[in-house]
Structure formats: structure tokens, C-alpha cells
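Those protein sequence lines, which keep their order, are chains F and P.
Under numbering that gives the first Met the number 0, the first residue of the first sequence is numbered 0, with each subsequent residue one higher.
Under numbering that gives the first Met the number 0, the first residue of the second sequence is numbered 0, with each subsequent residue one higher.
Heads up, a few of these hints could be off.
Said to hold, decoys possible - Below, simulated BS3-like cross-link-like pairs (lysine-lysine); rule was C-alpha separation at most 25 Å, straight line: (1) 265/F - 205/P; (2) 298/P - 181/P; (3) 112/P - 205/P; (4) 265/P - 265/F; (5) 298/F - 265/F; (6) 205/P - 181/P.
FYI, nobody ran anything at the bench for these hints, they're computed from the structure.
Keep in mind it's a predicted model, so treat the numbers as computed, not measured.
There are 2 protein chains.
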Amino acid sequence: MTVNRQWIYARKPNGQIGAGNFDLKEAAVPKAAEGEVVVRSTMLQFDAASRAWMQGQTYRSQLNPGDVMAGRGIGEVIESKADGFAAGDMVMSDIGWQTHAALPARQVQKLDKSVAPELHLSVYGITGLTAYFGLLDVGRPRPGETVLVSAAAGAVGVLVGQIAKLMGCRAVGTASDDAKCKWLVDDVGFDAAVNYRQGNLNANLKAACPRGVDVYFDNTGGDVLGAALSRMNMWGRVACCGAVANYDTATPSPGPAGVPGFLVTKRIRMEGFVVMDFFNRQREALLQIKSWVDDGKLKPVVDIVEGFEKMPETLVGMFAGKNRGKLLVRV
Amino acid sequence: MTVNRQWIYARKPNGQIGAGNFDLKEAAVPKAAEGEVVVRSTMLQFDAASRAWMQGQTYRSQLNPGDVMAGRGIGEVIESKADGFAAGDMVMSDIGWQTHAALPARQVQKLDKSVAPELHLSVYGITGLTAYFGLLDVGRPRPGETVLVSAAAGAVGVLVGQIAKLMGCRAVGTASDDAKCKWLVDDVGFDAAVNYRQGNLNANLKAACPRGVDVYFDNTGGDVLGAALSRMNMWGRVACCGAVANYDTATPSPGPAGVPGFLVTKRIRMEGFVVMDFFNRQREALLQIKSWVDDGKLKPVVDIVEGFEKMPETLVGMFAGKNRGKLLVRV
Chain F
0 MTVNRQWIYA
10 RKPNGQIGAG
20 NFDLKEAAVP
30 KAAEGEVVVR
40 STMLQFDAAS
50 RAWMQGQTYR
60 SQLNPGDVMA
70 GRGIGEVIES
80 KADGFAAGDM
90 VMSDIGWQTH
100 AALPARQVQK
110 LDKSVAPELH
120 LSVYGITGLT
130 AYFGLLDVGR
140 PRPGETVLVS
150 AAAGAVGVLV
160 GQIAKLMGCR
170 AVGTASDDAK
180 CKWLVDDVGF
190 DAAVNYRQGN
200 LNANLKAACP
210 RGVDVYFDNT
220 GGDVLGAALS
230 RMNMWGRVAC
240 CGAVANYDTA
250 TPSPGPAGVP
260 GFLVTKRIRM
270 EGFVVMDFFN
280 RQREALLQIK
290 SWVDDGKLKP
300 VVDIVEGFEK
310 MPETLVGMFA
320 GKNRGKLLVR
330 V
Chain P
0 MTVNRQWIYA
10 RKPNGQIGAG
20 NFDLKEAAVP
30 KAAEGEVVVR
40 STMLQFDAAS
50 RAWMQGQTYR
60 SQLNPGDVMA
70 GRGIGEVIES
80 KADGFAAGDM
90 VMSDIGWQTH
100 AALPARQVQK
110 LDKSVAPELH
120 LSVYGITGLT
130 AYFGLLDVGR
140 PRPGETVLVS
150 AAAGAVGVLV
160 GQIAKLMGCR
170 AVGTASDDAK
180 CKWLVDDVGF
190 DAAVNYRQGN
200 LNANLKAACP
210 RGVDVYFDNT
220 GGDVLGAALS
230 RMNMWGRVAC
240 CGAVANYDTA
250 TPSPGPAGVP
260 GFLVTKRIRM
270 EGFVVMDFFN
280 RQREALLQIK
290 SWVDDGKLKP
300 VVDIVEGFEK
310 MPETLVGMFA
320 GKNRGKLLVR
330 V
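Pulled out of the complex, with its shape left as it was, chain F reads as follows (with noise of 0.2 Å):
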């Protein structure tokens, strides 16, 4: 008999997370209620976010311990009391860190199949759509510019750096080892890429940026924003896209020391934006995300793990900069 496995957050990090967060469970596969589909998953994704979902309330509710762990996914029907959908359909939703959901159909999207699920969690999904609004919307670099992100070899961070060539920037990433940041140069395309554990970071920076920075993509917050505030151009801008550096820890570290003494006296805009915000305009974004795709301009860049039971595993890796690209397990 077929059963649902979950894995539940179960303890509040204390610091750092763990793989003991986390408790495996079994429970009863969900049945359709009216307006419901069931889905059984096939594939889900870790977001820098779900640390955040942890320790407290950020743009969705706060996860709190006995909960299923949170996460969006791609599955398929296996039973439908909603109209429109069918057994047999690819759909993507949050489905949460379990192989069976009840989910209602207004929550369910349902996927195109000739796509492959690692695309629709990736390029297609909110990663690409992150990348996109972010650095055209928020950023708005201009061709000839420097465009610096940081979490470079993570899933938006590599995309942000494609993008930014594709606008006729030189685009510099940060990463946390010496070879995804040749990874980063020689297969992904970046004009230059800093490792920000290593060395002298301000100095790698200017090496690496040597008309400066424009824009700057921020994954992270902690020492590279800061590096990057004093590295900025006048009338920079600074697209804050998450704070990785503060996620994985119960003690977040201050601000740095350029804000706002920088800010003024570099001109700089500095904006928070959650990709939802632009959800409206998701059909554009996803016109040219795939014409860039079939024209080659723009390579989707995937790590996917096999198996479920390795769900809270590969999070952990993700805060130790393991993946390069999406992180994705194959359930």
C-alpha cells in the first residue's frame, strides 16, 4: 500500500541548520476533496528562503515546528474533483516536502509536458522570473555597464550573470570557492568571477570590476554588499533580492557600515523586490527567457539530486554552497 512520506520541520534551528530539523513521517496518502487534486510528486526544489520560512515571518507565513516542510514542486495528478485538471497532468504548486499533497485547484498550475520538470523549476519557474524582473526592473543596467551578483553559481545568481551579458554588460559574480568560480568564467560565460573567502575581498572586487559597479544583484547581504556599496558607481543601483548570509543563522550580523553614508554620497538606489510583485508580467518574462533558451543565449543551469530521503541533506549542502545552479531532488 502506497503511503505518504513527509519530512516535518520538527526543532528550531539553533544556528546553523541540520539534517536533525528534520524527521521523517508516514502518513496516510490524502484523498480529493471537492475542488481538490491529489498529486503524488516527482520533483521539488530548495529555495535560500526556506531558512528564512524557519526563523521567522518574511513575505509568506512563518513555518512553525511539526509543520511539513515548505517547498514548490512539480508532480502528477493522480486524482482530480476539480475542473480542468485530469489524472495524468504535469502541475507545479507548493506542494511541501512530502510525495502526496490534497492541494486546491486555484493553488495547482498545471505545466505544459513537453518541458522538461527541471526546466518549469528552473528558467521557467520563479528562479528565471527572479533573475529577469530583478536585474532588468530593479537594477536596469545599461549596455557597457558592470553588473556584479553575488551567490553567483546559485540558482538566480547564474542566470543574473547570463542576462547581464545578454545586455551588453560585463558581468562578475562572487562565490564561495575557487572552482565554481572558474566554473562561473569558463563554462557559464562571466567576464570574472571572486571568490569572497579568499584573500582580500575589496581588492579581488576592484581587480575584478575595474570601472566599477553599476548594478549589483544582492543574494546575500553581509560583506559582499558591503564590499560592493564601496566599490558602486555614482547613481548605482542595488536589486536586493534575499540575504543569504543572515538566513542560516539565529544571530544576524549588522548592516554594513556604507549605509547609508554611500548611499548619499554615491547617489545610490538601493530597492527590495519579491518576484511575485511582477507576476503580472509574467507572460513577457517568459517570451523572452525562452526565445534566449532556443536561440542557446541562455543556458538553464540544474543540480538534481535522486531521492526523496536526501530532501533535508541537499538543503544543508545548499547553505554550504554545494549546488551549482537550481537545486532540484527527484523524488
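Given chain F's structure and the hints, the job is docking chain P onto it.
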């Protein structure tokens, strides 16, 4: 024989500024070269930013020990070798802390003698333009919103609060003592004022801004910026005008912990500006400001100290929060 008395920036402050950082010197009254005017100062102004000029490079070049202390002021032309200027003209320029200066005509602005010099140096000068453009163009308040301004009893703050009221907003200020807070509410017309040095800043700010903060006009940085970010509404805007909390020290404090976290979750735009960038729209601003002043809707607030010899102690007093409105010395 008349001499040129000059306050020299003699020694770099090590921590807080003191009168001992300046030396009084006498020099010959300069003669005008071709294209220059010689001005006898009548009223000199103080800027919080002057402390930053002494510390490092900002939007103007750094001051070095031995230089005449920098600062704007008004004077009377006593000799002219420049077209368009004649003895007796009232002019404004970067005169510096001295009783006489020879200035290239292109750096000198002729003033309307029917307007009092203290108004040229406050509401119709950089101070008024800073409040106007910073609040309206960077902060962009809408009727019914709450505008918070730090250093509200200062030269710019006292105008920001009044303009916020004219825009149909709730105006709230912070200041460094209860007497100034009472004065802001009773005499200037703020809806509420918070003494940031007394009690729990977060709780007091919450009480003063029951519907949160939509626009924060930041003159200070530091703790007030941190508290404002945590009280900010979704889509809030921070107009970064200055960082006076970090000027009068050799060891600036770190930035607020809410950067970049709050910026992301609340989609906050934080933007630095320097008033010079808006000078192409000076006429528009001055027309509007003049009409408000003439109608009695915007009250100029100036604090005039008598005597050139008091320049250093007056500047020190400004950092101790002694002035209300624009601080000026009558030479």
C-alpha cells in the same frame, strides 16, 4: 587697517569635534584678479556635512589641516573685476570661514536684497531645496501617508515636516530632547515627535506612527534608521539625505541590521541624493516654496548666533543638538 580674519581647520578631529580643531588667523584682505569679486562676509552658515568634509572625501573634496574651513555664506561685494557685479551687491558663495574672500564670478550668485540673508541661507537656499526635492522627488509621499524625519528640529528636518503636512501626510519627527519635541508639535506643527535618546525607541516610534511609516527622510543614519526600517510599511521609501550620526566620529558604527532583510520583505526603496543633482529644477522649487512662505504655510526657522569669533563653538553646539532650524552666524 582692515584684515581678513580666518578660521583655519588646523587639526583633524580624533573622535568628536571640538573648538580646538580650529585656529583663528589674520591675513591681508585679498584684491580682485580679473574676473573676480572680493566679498566681505555678513552671514555664514553651518552644515552637518562639514564634519564629513573633515573626515574624508564626500561629494566635495576633502578638507586638509591648514585650509580655511569651508562653508557657504552671504556677503557684500566690496570690489569687482567681473562683469555683472558691483560694489554693494549682496551675493552668496562658498566663502569659507573668513571675513573676506576673493572669488571667481562664476562661483558667486547675486541675491535679491529685498529678502533677508537668513532666508536666502535657509528656506530659499540649499536647506529648502534639500527638503523639497528629497521629500517630494525621492520620498514621494502621498496624501494620508506617514512621513517620519530624523533630526526634525534641524535645518532641513523642520522644513520636511512642514512640507509633509502640506502634502496631506502625518508628520512625525525625531529629536534629541523633550523640549525640542514639544516645540516641534506645539510650534512647528508636527503631529508627533519622539525623543530618540529616551526610553524604548521602537515602542515610542510605534506609538507616534500607529499606521507605520511610509516615507522616512533620513538625516542621521544610525539607530533611528534601524528603528524606522522596522516600522516601515510595505513599499516604503527612505530618502537618504545624510548620516549625521556617523559624521562626528572617527569610528562610524555598522549599518542597520535590517539592511538588506527588511528591504526585501517589505520592498523598500532606499535612495541617496545630493541636492546639487536637482539644481536644474531650482526655479520650480523656489516658486513653490516662496508661495508657501508668502501664504504663511511654511515657516522659515533660523537660529542666528552673533559674532564671527563664535564659529567653532557654534559648530560644536550643532553636533550637540543645540540649534533649532538653520544655524547661522552673523559676522
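Consistency of the hints with the structure:
With a C-alpha separation of about 31 Å, the suggested pair residue 265/F and residue 205/P falls outside the 25 Å cut-off, and the hint is violated. A C-alpha spacing of about 17 Å is found between residue 298/P and residue 181/P, which places the hinted pair at or below 25 Å, so the restraint holds. Pair hint residue 112/P plus residue 205/P does not hold up; C-alpha atoms about 46 Å apart against a cutoff of 25 Å. Note on residue 265/P and residue 265/F: the hinted pairing holds, with a Cα-Cα distance of about 24 Å set against a maximum of 25 Å.
For the given pair, residue 298/F sits about 34 Å from residue 265/F by alpha-carbon distance, which is inconsistent with the 25 Å threshold. Simply put, residue 205/P and residue 181/P have alpha-carbon atoms about 18 Å apart, close enough for the 25 Å limit, and the pair holds.
Hints 1, 3 and 5, counting from the list given before, are not met by this structure.
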